[in-house]
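Asks: Chains A and B, in that order, are what the protein sequence lines are. Here the first sequence is numbered in this note's numbering, starting from 42 and rising by one per residue. Here the second sequence is numbered in this note's numbering, starting from 2 and rising by one per residue.
A few of these clues could be false.
Calculated pairs, BS3-like style, for lysine-lysine (alpha carbon to alpha carbon, straight line, at most 27 Å) [said to hold, decoys possible]: (1) B:Lys422 <-> B:Lys403; (2) B:Lys318 <-> B:Lys334; (3) B:Lys87 <-> B:Lys422; (4) B:Lys334 <-> B:Lys355; (5) B:Lys318 <-> B:Lys403; (6) A:Lys136 <-> A:Lys176; (7) B:Lys318 <-> B:Lys251; (8) B:Lys318 <-> A:Lys45; (9) B:Lys309 <-> B:Lys370; (10) B:Lys251 <-> B:Lys355; (11) B:Lys251 <-> B:Lys370; (12) B:Lys334 <-> A:Lys45; (13) A:Lys112 <-> B:Lys316; (14) B:Lys482 <-> B:Lys520; (15) B:Lys403 <-> B:Lys87; (16) B:Lys403 <-> A:Lys45; (17) A:Lys136 <-> A:Lys45; (18) B:Lys334 <-> B:Lys316; (19) B:Lys520 <-> A:Lys118; (20) B:Lys87 <-> A:Lys112; (21) A:Lys45 <-> B:Lys520.
Cβ-to-Cβ under 10 Å is the rule here; a few derived chain A residues that face chain B [stated by the list, open to error]: (22) Asp57; (23) Leu68; (24) Arg105; (25) Glu107; (26) Tyr111; (27) Leu113; (28) Thr123; (29) Asn124; (30) Pro126; (31) Val128; (32) Val129; (33) Arg130.
Between beta-carbon pairs, the in silico distance windows are [said to hold, decoys possible]: (34) B:Pro453 <-> A:Gly101: 31 to 37 Å; (35) A:Glu146 <-> B:Ser130: 51 to 57 Å; (36) B:Arg452 <-> A:Arg58: 35 to 41 Å; (37) A:Arg71 <-> B:Gly526: 57 to 63 Å.
Honestly, the hints are just simulated from the structure, not real lab data. In this text, all values refer to a predicted model and were calculated from it rather than measured experimentally. Glycine is no exception: its CB is placed at the ideal position from the N, C-alpha and C atoms.
Below, each chain spelled out in residue letters.
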Amino acid sequence: MSSKSLARTFIVDVEDRPGTLNRVVSLFRRRNYNIDSLSVGRTERPGVSRITLRVRADDGVAQRIEANLYKLVNVLKVQDLTNAPSVVRELAFIKVSVSHERRGEVLRLCDLFRARVVDLHSSALTVEITGTEDKVHRLIEVLRPFGILESLRTGAVAMVRGSLSEESSDEVAA
Amino acid sequence: MQQGQTSAETKQPLRSHALSSAKRTGAQLIWEALVREGIDTVFGYPGGAIMPAYDALPAYPIRHVLVRHEQGAAHMADGYARASGKVGVAVATSGPGATNLVTGIATAMMDSSPIVCITGQVSSASIGSDAFQETDITGVTLPITKHNYLVTCAEDIAPTLRDAFAIARSGRPGPVLVDVTKDAQQATVEPVWNLPARHVRNNPGDRPLRMTDLDQAIELINSAERPVILAGQGILKSESSRLLLEFAEKTGIPVACTLLGLGGFPATHPLSLGMMGMHGEAWVNSSIQEADLLIALGMRFDDRVTGKLATFAMKAKKIHVEIDPSEINKNVKVDVALISDLRSALERMLPRVKPRDRQAWHQRIDALKGDSAVRDILALPDNGRLFAAQVVNDLWRITEGKAVVVSDVGQHQMWEAQYYKHDHPRGLITSGGLGTMGFALPAAIGARFARPATEIWVIVGDGGFQMTACELSTCAQEGIKINIAIINNGYLGMVRQWQEFFYSGRYVATPLKNPDFVKLAEAHGLVGFRVRSRSEVEQVVARARQTPGTVLIDFRVEQEDSVYPMVPANADLHDMIRRPRPLIESADEL
Numbered sequence: 042m043s044s045k046s047l048a049r050t051f052i053v054d055v056e057d058r059p060g061t062l063n064r065v066v067s068l069f070r071r072r073n074y075n076i077d078s079l080s081v082g083r084t085e086r087p088g089v090s091r092i093t094l095r096v097r098a099d100d101g102v103a104q105r106i107e108a109n110l111y112k113l114v115n116v117l118k119v120q121d122l123t124n125a126p127s128v129v130r131e132l133a134f135i136k137v138s139v140s141h142e143r144r145g146e147v148l149r150l151c152d153l154f155r156a157r158v159v160d161l162h163s164s165a166l167t168v169e170i171t172g173t174e175d176k177v178h179r180l181i182e183v184l185r186p187f188g189i190l191e192s193l194r195t196g197a198v199a200m201v202r203g204s205l206s207e208e209s210s211d212e213v214a215a
Numbered sequence: 002m003q004q005g006q007t008s009a010e011t012k013q014p015l016r017s018h019a020l021s022s023a024k025r026t027g028a029q030l031i032w033e034a035l036v037r038e039g040i041d042t043v044f045g046y047p048g049g050a051i052m053p054a055y056d057a058l059p060a061y062p063i064r065h066v067l068v069r070h071e072q073g074a075a076h077m078a079d080g081y082a083r084a085s086g087k088v089g090v091a092v093a094t095s096g097p098g099a100t101n102l103v104t105g106i107a108t109a110m111m112d113s114s115p116i117v118c119i120t121g122q123v124s125s126a127s128i129g130s131d132a133f134q135e136t137d138i139t140g141v142t143l144p145i146t147k148h149n150y151l152v153t154c155a156e157d158i159a160p161t162l163r164d165a166f167a168i169a170r171s172g173r174p175g176p177v178l179v180d181v182t183k184d185a186q187q188a189t190v191e192p193v194w195n196l197p198a199r200h201v202r203n204n205p206g207d208r209p210l211r212m213t214d215l216d217q218a219i220e221l222i223n224s225a226e227r228p229v230i231l232a233g234q235g236i237l238k239s240e241s242s243r244l245l246l247e248f249a250e251k252t253g254i255p256v257a258c259t260l261l262g263l264g265g266f267p268a269t270h271p272l273s274l275g276m277m278g279m280h281g282e283a284w285v286n287s288s289i290q291e292a293d294l295l296i297a298l299g300m301r302f303d304d305r306v307t308g309k310l311a312t313f314a315m316k317a318k319k320i321h322v323e324i325d326p327s328e329i330n331k332n333v334k335v336d337v338a339l340i341s342d343l344r345s346a347l348e349r350m351l352p353r354v355k356p357r358d359r360q361a362w363h364q365r366i367d368a369l370k371g372d373s374a375v376r377d378i379l380a381l382p383d384n385g386r387l388f389a390a391q392v393v394n395d396l397w398r399i400t401e402g403k404a405v406v407v408s409d410v411g412q413h414q415m416w417e418a419q420y421y422k423h424d425h426p427r428g429l430i431t432s433g434g435l436g437t438m439g440f441a442l443p444a445a446i447g448a449r450f451a452r453p454a455t456e457i458w459v460i461v462g463d464g465g466f467q468m469t470a471c472e473l474s475t476c477a478q479e480g481i482k483i484n485i486a487i488i489n490n491g492y493l494g495m496v497r498q499w500q501e502f503f504y505s506g507r508y509v510a511t512p513l514k515n516p517d518f519v520k521l522a523e524a525h526g527l528v529g530f531r532v533r534s535r536s537e538v539e540q541v542v543a544r545a546r547q548t549p550g551t552v553l554i555d556f557r558v559e560q561e562d563s564v565y566p567m568v569p570a571n572a573d574l575h576d577m578i579r580r581p582r583p584l585i586e587s588a589d590e591l
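All chains should be built: construct the whole structure from the sequences, respecting the hints.
Replies: Take a look at the structure:
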C-alpha cells in the first residue's frame, strides 16, 4: 500500500436536505482532512445532490475518508475517482488588466486555451475558462504577466467515463 | 434494523384510551412512537419547550425518571443501554437542557452506546431568532452523534423517531438526537405508522465477508505459534461471548480484553490474560509484544491500549475483525481486515480454526508473570491501612463476581478493572473512550431500571462522585436500591499519580476537601457507612447489601497509592512502571 499523498477526487451523492453539506464538511474538519476544493449541485435524480471533493491524502487516509463518509446517514454513494477513468473539469473567471494595445495578444492566448471573454472594459477584460485543474492553472500563469486583477475558481466537478459507472471506461475523451 | 421491527411488533398493544381517537398531537406521537419501539422507561427533565410532550406523558405506559441534571439523564440512558443491550432514552428541554446532555452524548458516542435523546426546541417560527432558551443543538451535537434530526412538523415525528432508533441500534451503535419544535408537539395530525424507513440502509459491516480475507485469516490463525486474542466491546455488543469462549477453547489461544471488553471473556478462565494497555497487567502487555499473531475482535486499538504505535506488537501479524470500516488501519496497520458483525465472523471462523498444542506459548506467558504476584498489593499483610485494591477485591469475593459494577473514571476505575474479575458480559459499565468523570452514579441508576433484579455496585472516586452527586436525590425519589462505594483518597487520584510520576510531585489542584459523604447520604434519607480499615470491609458491605434503598459507603483509603503497572503515555507497551518493592515505601516502618 502506497503512503504517497496524492490529490484525490471523490464524488459523493447525498440526500438534498438541509444541513447535509454541513455534515460532510464537518467530517473533514473533525478528522483533520484538508479540503482542496469542493463543489455541490443537483443531479438528474430528484432529491439527490452530488458533491465533488478534492483532497490530498495517501491510500490509507483515502480509504478512511470513504468509510467515514459512508457513516453519514445522508450520504448515498461515495466514489474515489483518483484511479478511475473520469472527466474532471473546473470553471474559472480571470479578470486581466490589459491596455488597448495589448488586448489582441491576450485574446490570442485565450483562444489557444479555448477560453471565452465574458466581459470587456477599456482597461480590463474577464475570461471564462473550463478545463482541468492543470489547464486553468496554466492559463492563469500565462496571463499573470499582464496583471491579474481578480480570479476565482469553482473547484472541480467530476464524472466517471463510460455508459454506466466506474466499470465501463474505454470511451475516448471528448 | 430488523431488530427494530421485531421489537416494535412484539410489543404489547397500547392502552385503548391512547388509541381511542384517530388524530394525535405531536406530543402524543412522541410517546406512542417510543412505546412502539418497546421503551418503558425514560430519563428526563422538563422545561418550556418540551412541556407539551410532558403533558401528554401520563396516558402512556412509560415510567419517567426525573433526574437532577440533564447530564445525568444522558448517562442514565447510556447505563440502561449498556446494561440491557436495548436503546436508552433521555428527554430534555431546549437550550440549557439540551446542552447539558452534551457530555453524556459524547460519552455514548465514544463507547458506541445506543441512546436516543429527545429535546424540545423553540417553535419553528422562532428558530434562528435567538429566542429564549434557543440553542442550535443539532449543530452542537453534529460531531458527537451518529445522526441527529430537527423536526419542525408533527407529521415527521413518528417516522423520524423510528429512523432514530434504527440508526442508534444498527451497525456500530451510537447516540441519535431528535430535536422537536414546540409547535410540532402541539399540532394535531393523522398518524401514519407504516411509511418505509428513510434512513435505514445496509451497513458496510452487513456485507458478506470476502472469502479470500476469511481464508487468509484462518491460515494465519492455524499457523500461528504465539497468538493472542484482543477482545473488545464488540464481543458484548454483538452478544458473542459464548462464541469467543468456544473459539479460544478450541484453539487454545489466550484472550486479553480491553477495558470495555472486560466480561466478554470469563476473567477466571485459564485462557484469560486480563486487561491490556496502560494499566494492564505486565504479562498481558508483554505477551502482546511477543506475540506472532494478534486477533483483534471488535476493538479499535485505542492509544490507551497500544502505547507507542511504532513499537506495538512489532513481531505480530494482525487480523482485525470490526464492523466499522473506518477503524481499519486507523491506528494500527493490519494484515487482514474482516469487516463484519463480530458474531457472524466468529460463526464463520469457528468451524475452520484448528486445535493446536500451545503449551510452549502458555508456559512462556506464565514465565512472563514473573514476580507479579509478589508485587501485588493484595500480598501486603493487613497492617491496619486500607488500600483501594483490597476494597475492590473484597467486593468481588463478597458479591461472588455476580454484581453489575458501574465504575467512574480514574484510579479506582483501573483498580476495579484489575481486581473485580468479571466473568459475565455486561457486568462492567464504565466510560472508556471519553473518560467521563461523574458517569458512574447516573449510569448505575440507568442500569438499575434495565436490570431490576441484579445487584448493582457503583465504584467511584471522591472527585467523580461530586460531579453528579445530585443524582442521589433521584435514587431517593425513585426508591431504588444501588450500592455506592466511594473510594475516597482525598485527591483527584489519577492526576495526583501523574503529578507524582511526571511532574516532580507538585500536587497542583488535586487535593480535595470533601463533604461528609455519610451525612450527605443521610441528608437524602439514605443510609451511609464509613470504613477506615480492612477488617471492617466485609461486615459493612454485608450490612449495605441487606439495607433496603440506596446505600453509600465512604471507604477512606490510602491517600497516595498509585495504579501499577503503568505504561506512560506514548511509551512502548512493554515499558511499564511496576509497583515498587517493598510494596509501599513505609510498609516496613509500620
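Asks: Each hint should be assessed against the structure and marked as holding or not.
Replies: Okay, the hints, checked on the actual structure:
no. : hint                              : in the structure
1   : B:Lys422 <-> B:Lys403             : holds, 10 Å
2   : B:Lys318 <-> B:Lys334             : holds, 10 Å
3   : B:Lys87 <-> B:Lys422              : holds, 25 Å
4   : B:Lys334 <-> B:Lys355             : holds, 26 Å
5   : B:Lys318 <-> B:Lys403             : violated, 36 Å
6   : A:Lys136 <-> A:Lys176             : holds, 17 Å
7   : B:Lys318 <-> B:Lys251             : holds, 20 Å
8   : B:Lys318 <-> A:Lys45              : holds, 23 Å
9   : B:Lys309 <-> B:Lys370             : holds, 22 Å
10  : B:Lys251 <-> B:Lys355             : holds, 7 Å
11  : B:Lys251 <-> B:Lys370             : holds, 24 Å
12  : B:Lys334 <-> A:Lys45              : holds, 16 Å
13  : A:Lys112 <-> B:Lys316             : violated, 33 Å
14  : B:Lys482 <-> B:Lys520             : holds, 18 Å
15  : B:Lys403 <-> B:Lys87              : holds, 21 Å
16  : B:Lys403 <-> A:Lys45              : violated, 52 Å
17  : A:Lys136 <-> A:Lys45              : violated, 36 Å
18  : B:Lys334 <-> B:Lys316             : holds, 13 Å
19  : B:Lys520 <-> A:Lys118             : violated, 59 Å
20  : B:Lys87 <-> A:Lys112              : holds, 21 Å
21  : A:Lys45 <-> B:Lys520              : violated, 63 Å
22  : Asp57                             : violated, 13 Å
23  : Leu68                             : holds, 8 Å
24  : Arg105                            : holds, 5 Å
25  : Glu107                            : holds, 8 Å
26  : Tyr111                            : holds, 6 Å
27  : Leu113                            : holds, 8 Å
28  : Thr123                            : violated, 17 Å
29  : Asn124                            : violated, 18 Å
30  : Pro126                            : violated, 25 Å
31  : Val128                            : violated, 28 Å
32  : Val129                            : violated, 26 Å
33  : Arg130                            : violated, 30 Å
34  : B:Pro453 <-> A:Gly101: 31 to 37 Å : violated, 47 Å
35  : A:Glu146 <-> B:Ser130: 51 to 57 Å : holds, 56 Å
36  : B:Arg452 <-> A:Arg58: 35 to 41 Å  : holds, 39 Å
37  : A:Arg71 <-> B:Gly526: 57 to 63 Å  : violated, 45 Å
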